[in-house]
Amino acid sequence: MKNLLLSATILAASTTGTLATDLTILNAGSKTGSFAMQSTAYAQDLGSAYNVTLDIPGDYCVAVKGILPTIDHAVLMPWASDFESIGRDGEGCAAMNFDSSDVILHTSEATEICSMSGQDITTVSGQVGHTVPSFIFARLIDRINDVYGTEHTNVPYDGSGATRTALINGEVDYVLTYPKHARYIEQNGGQCLFSMDDAENGLALTSDTVWLAFNMDDNETELLRQKVRDLHADCDSAIATYSDCGKNLQIDLTATDEDIMRTWEQSVNAQRK
Amino acid sequence: MIITIGIVMGLVSGLLPGVGNLTLMMLLFPFLNYFDPIDLLVIYISMASISQYIGSIPAICFGIPGEPSSLPAVSESKNLKNSNEVAQAIFGSAFGSFIGGVLILCACLLLSDYIYLIKYFYSTYLISALLIITAIVLCFTATNTLIINFIMLFIGIGLGLVGYNKTFNIDILSFDSMYLFSGLPLEVVLVSLFAIPQVLSAFSTRDLTFHMIESVKLYTVRPINTIISTIIGFFAGLVPGLTTELSSLMAYSLATLRRFSPIDKIIASETANNAGAFSQTLPLLIFGIPLIGSQALLLTLLEQKGFFINFIDFSTLMPTLSISLLIVNAFGLFIAWIGAKYLLYVYAINIKTLLSFILVLLFTAICYSGYANYTLTYYIVVFVLLLPFSIYLKRYNTMPLVYGFITHDIIIDNINRLFYLL
Chain A
0 MKNLLLSATI LAASTTGTLA TDLTILNAGS KTGSFAMQST AYAQDLGSAY
50 NVTLDIPGDY CVAVKGILPT IDHAVLMPWA SDFESIGRDG EGCAAMNFDS
100 SDVILHTSEA TEICSMSGQD ITTVSGQVGH TVPSFIFARL IDRINDVYGT
150 EHTNVPYDGS GATRTALING EVDYVLTYPK HARYIEQNGG QCLFSMDDAE
200 NGLALTSDTV WLAFNMDDNE TELLRQKVRD LHADCDSAIA TYSDCGKNLQ
250 IDLTATDEDI MRTWEQSVNA QRK
Chain B
0 MIITIGIVMG LVSGLLPGVG NLTLMMLLFP FLNYFDPIDL LVIYISMASI
50 SQYIGSIPAI CFGIPGEPSS LPAVSESKNL KNSNEVAQAI FGSAFGSFIG
100 GVLILCACLL LSDYIYLIKY FYSTYLISAL LIITAIVLCF TATNTLIINF
150 IMLFIGIGLG LVGYNKTFNI DILSFDSMYL FSGLPLEVVL VSLFAIPQVL
200 SAFSTRDLTF HMIESVKLYT VRPINTIIST IIGFFAGLVP GLTTELSSLM
250 AYSLATLRRF SPIDKIIASE TANNAGAFSQ TLPLLIFGIP LIGSQALLLT
300 LLEQKGFFIN FIDFSTLMPT LSISLLIVNA FGLFIAWIGA KYLLYVYAIN
350 IKTLLSFILV LLFTAICYSG YANYTLTYYI VVFVLLLPFS IYLKRYNTMP
400 LVYGFITHDI IIDNINRLFY LL
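Listed in order, the protein sequences are those of chains A and B. Read left to right, the first sequence gives residues 0 to 272 (numbering that gives the first Met the number 0). Read left to right, the second sequence gives residues 0 to 421 (numbering that gives the first Met the number 0).
Misleading hints may appear alongside valid ones.
Calculated cross-link-like contacts (lysine to aspartate or glutamate; reagent style EDC-like; alpha-carbon spacing at most 20 Å) [what the hints assert, rightly or not]: (1) A:Lys30 / B:Glu302; (2) A:Lys64 / B:Glu302; (3) B:Lys118 / A:Asp81; (4) A:Lys179 / B:Glu302; (5) B:Lys165 / A:Asp81.
The hints are simulated quantities; they were obtained by calculation from the structure and are not laboratory data. If you're wondering where the values come from, they're calculated on a predicted model, not measured in any experiment.
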């Protein structure tokens, strides 16, 4: 009888979405990168609905293998397609095993090519800056050379900030970067005229991210999924401010579970060796 | 009021080993959310500056490295002969930092229309040259033979390479351990291979009757040295990932090369790291580029409040920030004066008791750091494994090893890039 009452209480709480009051937002990324900024924004937005703890260990291995297993309450964590591809190649510390029901949100960012002078990467050869790991971007630059007959060379930088600075100070002629950084470059007088979304010619490179739910039942997951989606729809929320109300993050809220998993797999496979 | 909050945060961050600016900001995140963007900037800059002032006091007095930028002060603290010299080092560091801070503020105010030119500092060639020259100078000046210094430098780089290397996308000696995958923990390596050898060395070299000297003669500032340290600290503080650490190490290396006394070497490094504490915020304020974790958190908070760095004219920010920094620097000077005057009473304690207490404190700091990073067991295991080396290294100055460990990824990243650029 006691167990029955307890189960009923848990079920009722789950249904009304009040069970997962403690929520840890665990940033599986660097301390200065976009995941840190998005995690901070979510912590700000979800603070009214949950008792939020923001955890930024600064290392995705520590986050996934060191911290995640020790947390017994609800966790929201971003996971990037490049981490997954490295893990599946046996070189990273983890490949995540999840299905679509664990995905709170899927975002996709197509790489853009920016320059300070607005020169055309399809005709004017130069040095192209990008982040690490190098091989993903080097392969893409080789493909650009093949398709357009150019002679670009690649230059790796440790982080998007360093890559952006290299373009602004003239060390490289172009950079491959994601929309958030592309907008910064435009604000500093640069131009981003080329988007890497041409899959037919092998000129597509997107960085996909899934925000995963852990230690939540289906009801709790759905409740959090709805809240997160509402936040993205509200241009006054902190996360919408980060994404410039959706301009810097591609989120298809109508995508089916199958669409999400297919896009994710494509992105992961495109970044594998 | 706003400056006071920044100062209190700086005191906590500077005094408690293992509690850096980022940890503190995360703990106070809901509280920080209430402030407007300019207030947040003032709080951040006040905190960063005061933590540098305060961090130098335990480093000079007790040889406790609150943060890596205090390493030169820790290294030289054991060469201070009496409490009078300790007092001079503390007050001289604060006074040098104050003068340096004021100089930088004046320069930034006068040159605010041209400050964006620091973008040219971010050249792979220039940063590579700075890092290599500092390493060479350190090897020529650290108190071991040249060969030993170079060996230590490469051992430091080698230890730093353990784990996943993102430049080359390879695992090095991680043996499939997720802990080793993330590399050896900075705090444990600093304590085991630098701080403990220093303390053990002090056990044998310091006079056990280290009595107080009542008449404290305060340090007289040397203007040229202060200006040189400030300039070095300013530019080294712009180097991503290293910032104040490189500021203090570069100034310290140059001071050693110029055969300065231990007091002057400490003052040079502390003046430089205070200059670096301000210059490290410039890329954030001008280009919106965070160099360290706490700045990324600050940038997010600013953007949430509609404050986009690229749309703000830097020269309009400067007056507010300058006044705040001036007040904060004056407060730092005052705190150091109090510290120089009263912390000396600690030296009335038996030096062996004091050094034993420091060893316990260092171990506690490692445990706290490990606990805070969810890796307590790993930290303790690494500490125990490195302990024999701590004892062996007490006869050496391990600064080149620490420099190699701290800078290894940035040196490798820059040198690797040179091959692409050339």
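Does Asp81 (chain A) lie within 20 Å of Lys165 (chain B) when you go C-alpha to C-alpha?
-> holds (12 Å)
Hey, Lys179 (chain A) versus Glu302 (chain B), does the alpha-carbon distance stay inside 20 Å?
-> holds (12 Å)
Taken at face value, is the distance from the CA of Glu302 (chain B) to the CA of Lys64 (chain A) at most 20 Å?
-> violated (31 Å)
Taken at face value, is the distance from the CA of Glu302 (chain B) to the CA of Lys30 (chain A) at most 20 Å?
-> holds (16 Å)
Within 20 Å, alpha carbon to alpha carbon, are Lys118 (chain B) and Asp81 (chain A)?
-> Answer violated: Lys118 (chain B) to Asp81 (chain A) is near 29 Å, above 20 Å.
In summary, the structure is inconsistent with hints 2 and 3 from the numbered list given earlier, while agreeing with the others.
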